[in-house]
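The C-terminal residue of the sequence shown carries number 273 in UniProt numbering, and the numbering is unbroken.
Check before you lean on any hint, since a few could be wrong.
To be verified - Straight-line Cα separation of at most 30 Å, BS3-like style, residue types lysine-lysine; simulated pairs:
#1 195 - 273
#2 104 - 86
#3 265 - 108
#4 265 - 195
#5 108 - 91
#6 108 - 195
#7 151 - 35
#8 263 - 273
#9 35 - 199
#10 90 - 108
#11 265 - 199
#12 151 - 195
#13 151 - 90
#14 273 - 90
#15 104 - 195
#16 151 - 108
#17 91 - 104
#18 104 - 90
#19 265 - 104
#20 108 - 86
#21 273 - 35
#22 108 - 199
For the record, the hints were derived by calculation from the structure and aren't laboratory data.
Since the structure is predicted, the reported quantities are computational estimates derived from the model, not experimental observations.
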Amino acid sequence: VWPNTSVTIPHIWSAFPTPGASRPEISCLLTVDQKRRCEQFISIFESDSVDITYDFVEDIHDGRGYTCGKFGFTTATGDAYEVVNKYTVKKHDNPLAEYLPELKRLAKHFSNDTSHLVGFPDAWRESARDQLFIDIQDEVSAAMSYNPAMKWADSANIRTALGRCALYDCIIEHGGGDDGDSMPSILNRTITFRKGVVKSSADEQYWMRAFLDMRLDDFDHPRDQINIDHQKGWHDDSVQRVYAMITQLNEYNMDWDGPIHVKTKDTDHVIPK
Numbered sequence: 001v002w003p004n005t006s007v008t009i010p011h012i013w014s015a016f017p018t019p020g021a022s023r024p025e026i027s028c029l030l031t032v033d034q035k036r037r038c039e040q041f042i043s044i045f046e047s048d049s050v051d052i053t054y055d056f057v058e059d060i061h062d063g064r065g066y067t068c069g070k071f072g073f074t075t076a077t078g079d080a081y082e083v084v085n086k087y088t089v090k091k092h093d094n095p096l097a098e099y100l101p102e103l104k105r106l107a108k109h110f111s112n113d114t115s116h117l118v119g120f121p122d123a124w125r126e127s128a129r130d131q132l133f134i135d136i137q138d139e140v141s142a143a144m145s146y147n148p149a150m151k152w153a154d155s156a157n158i159r160t161a162l163g164r165c166a167l168y169d170c171i172i173e174h175g176g177g178d179d180g181d182s183m184p185s186i187l188n189r190t191i192t193f194r195k196g197v198v199k200s201s202a203d204e205q206y207w208m209r210a211f212l213d214m215r216l217d218d219f220d221h222p223r224d225q226i227n228i229d230h231q232k233g234w235h236d237d238s239v240q241r242v243y244a245m246i247t248q249l250n251e252y253n254m255d256w257d258g259p260i261h262v263k264t265k266d267t268d269h270v271i272p273k
């Protein structure tokens, strides 16, 4: 049984209060190959492929409307709107532009309604043939997920590629907000449980196991209402990606070297070197 998990968001969250605020520089990014392998790992569990599926769009019935593109922008949470808006600013005449008002409305009300998005999936897939749209998905994903994950890793003194990839994967699925299921909240509970941040390179393997176990605990005991409402599906679809990360941790692949063998409940994948 984990210690009290109802604690408020701590120093880790307050260190990065608002988008656009002055933030410390990231001290240690993943290398190009480490990031590529990490994103391929994430892609396996997001779309069952080592190839990033920028054209993916589907209502996966998780209460967030359509899930789209690289690592799951959704129509309910505003990140799909962010992608389409940035795309339209740079290319006014595009297949998705007509959906901007509805995407803005859905994001404002955190609505999973897709009834007024007729034709949206086809428009997303058509747009995904445009390199500009792909580049914008990468840009938004980096701003919302990768860069914040690396900064939070710095705050917890996480230095290894595996540890940083684990935070990146976690923020993709759990988000970087202040709800109880977010990556910052899970990180905070780990800091509380371990009585501090990572103390040394020797400590990091044990620290990251605690973080991954804390993430597993979150699937069993979600805090946010939307995840409580969809707990079984969220748990069943998600625990395997944490188990796969634990396998790499047990093999001491702290540098996130390839090839990486990843087994899911349905298929086996190999992330190339």
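Structure versus earlier hints, numbers of those that do not hold, lowest first:
1, 3, 4, 6, 11, 14, 15, 19, 22
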